[in-house]
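2 protein chains.
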Amino acid sequence: MSTDTARDRLVSAAQGLFAAQGVGATSPRAVLTASGVGQGSLYHHFPTKHDLAVAAVGATVDQALAQAMRTLDSNSPAIERLVAYLERPRDALAGCKVGRLTADEAVMDDEGLRDVLDAYFVRLLGVLTDIFRETGLPGDVARDRAHAALAIIQGGYVLARALQDPDALSAAVRGFVGLLDQKEHP
Amino acid sequence: MSTDTARDRLVSAAQGLFAAQGVGATSPRAVLTASGVGQGSLYHHFPTKHDLAVAAVGATVDQALAQAMRTLDSNSPAIERLVAYLERPRDALAGCKVGRLTADEAVMDDEGLRDVLDAYFVRLLGVLTDIFRETGLPGDVARDRAHAALAIIQGGYVLARALQDPDALSAAVRGFVGLLDQKEHP
DNA sequence: GTCTATAGGGCGATAGAC
DNA sequence: GTCTATCGCCCTATAGAC
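Just so you know, the protein sequences line up as chains A and B, in that order.
If you read the first sequence in the UniProt record's numbering, its first letter stands for residue 1, the second for the next number, and so on.
If you read the second sequence in the UniProt record's numbering, its first letter stands for residue 1, the second for the next number, and so on.
By construction, these hints were calculated from the structure, which means they are not laboratory data.
Do not rely on the hints blindly, as some may be mistaken.
Given that identical chains are not distinguished, each listed pair holds provided it fits within a single copy or across any two copies.
[As the list claims (entries may be wrong)] For lysine to any residue, the following SDA-like pairs were computed, each having C-alpha atoms within a straight-line distance of at most 20 Å:
hint	residue 1	residue 2
1	Lys97	Asp8
2	Lys97	Pro47
3	Lys97	Gly38
4	Lys97	Gly178
5	Lys49	Thr33
6	Lys49	Ala25
7	Lys97	Gln164
8	Lys97	Arg133
9	Lys97	Ser41
10	Lys49	Arg114
None of the values given here were measured: they were computed from a predicted structure.
Generate coordinates for the entire structure from the input sequences, incorporating the hints supplied.
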């Protein structure tokens, strides 16, 4: 592992705090306390909070994309890959590490961070659209369904947090998958 | 109008700022500046930020529920009421005034505010579940579809903000409504 | 009820020794 | 590269006059 340099420990600590509290609510001070490095080191590697945020959010998005691709990029039939992605176990009460950031003005006010979020969802939408196209749907319908599938996950996280009940996300996924299945079992 | 008392102006200003920036990122100072009242007045009516937040978030939830019920409570057929609710015009780029708060730790760490969010979604889920039941679905399936419908809206808001494109919400709704319709037009 | 003034503390960032 | 010390600002909240 290369996670024991000061820089890596800072990024890793920032990722954890950003996921738990958001970017705006996390102070550089909190990051350096959690990482165990000194104040000077933080500002040596990341002159401003913006720089730290870009590094940490970028790392989180890379990891989330890699994880998503593991279920979406197999060679099973399209519909199975889709359902595997939708039903993948998730920490519903924690919320989506990426999606939650859209409610954080400190993120949305920063063009660099906005671009990172944008790239994440554009990529996922592209892959999901291709999957729906493989099932024989025309392109525009496939694109709408891809938006719906992604919205189910993101909205399921919101419901789970609001209701403090992880099953709210599972229920939303079941409701959506049930609609997908009805074509095959009418 | 009764919105020209100091108290009402404070609540109204807080609602606007909370919707735009979240609760944690909005200072009582910002609220009193936006409302035009003096500092002493704020702390006279709302001794702590918590008290102000409960009043403002409560008001926002009441207004949002009333607006939702206007489309859900008509006497048109169940499926029409549902689609009318899903397709209602929304300020997608602003995000859901209520749903966005689930990403705000200042809200989730406050039991009173959590309860207000919970009540909002429980109420909407109840009404949506009843609508799906009216279409002849068994109770547990109706409940899952209600979760899915609400997740489409909440997730659509997240996608719209992440992509900076209001049509992402519309696309998610189209994708979902298309699946609902396929039973009728197979 | 509303005002001005201020307290005590955390914020983001910088200085400068080692 | 990493440390400790410190700056100036804004935060939430309180004090006390009017």
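>> Cα distance capped at 20 Å. Does Lys97 pair with Gln164 within a copy, between copies, both, or neither?
In response: Both: 17 Å inside a chain and 18 Å across chains, each within 20 Å.
> Within a copy, between copies, both or neither: where do Lys97 and Gly178 come within 20 Å Cα-Cα?
Replying inline: This pair counts as neither: shortest intra-copy Cα distance 27 Å, inter-copy 29 Å.
> Is it within, between, both or neither when you check Lys97 against Ser41 at 20 Å Cα-Cα?
Replying inline: neither (26 Å within a copy, 39 Å between copies)
> Can you tell me if Lys97 and Asp8 fall within 20 Å by alpha carbon in one copy, between copies, both or neither?
Replying inline: within (19 Å within a copy, 36 Å between copies)
> Which holds for Lys49 with Thr33 at a C-alpha limit of 20 Å: within a copy, between copies, both or neither?
Replying inline: Result: close within a single copy only, 15 Å intra versus 27 Å inter.
> Within a copy, between copies, both or neither: where do Lys97 and Gly38 come within 20 Å Cα-Cα?
Replying inline: neither (26 Å within a copy, 39 Å between copies)
>> Please sort Lys49 with Ala25 into within, between, both or neither, judging by C-alpha distance up to 20 Å.
In response: Both: 12 Å inside a copy, 16 Å across copies.
>> Reference check for the pair Lys97 and Pro47, CA-CA at most 20 Å: within, between, both, or neither?
In response: neither (24 Å within a copy, 34 Å between copies)
> 20 Å Cα cut-off: does Lys49 pair with Arg114 within a copy, between copies, both or neither?
Replying inline: within (15 Å within a copy, 30 Å between copies)
> For the identical chains here, do Lys97 and Arg133 meet the 20 Å Cα criterion within one copy, between copies, both, or neither?
Replying inline: neither (28 Å within a copy, 34 Å between copies)
In terms of the numbered hints stated before, the structure departs from hints 2, 3, 4, 8 and 9, listed from lowest to highest.
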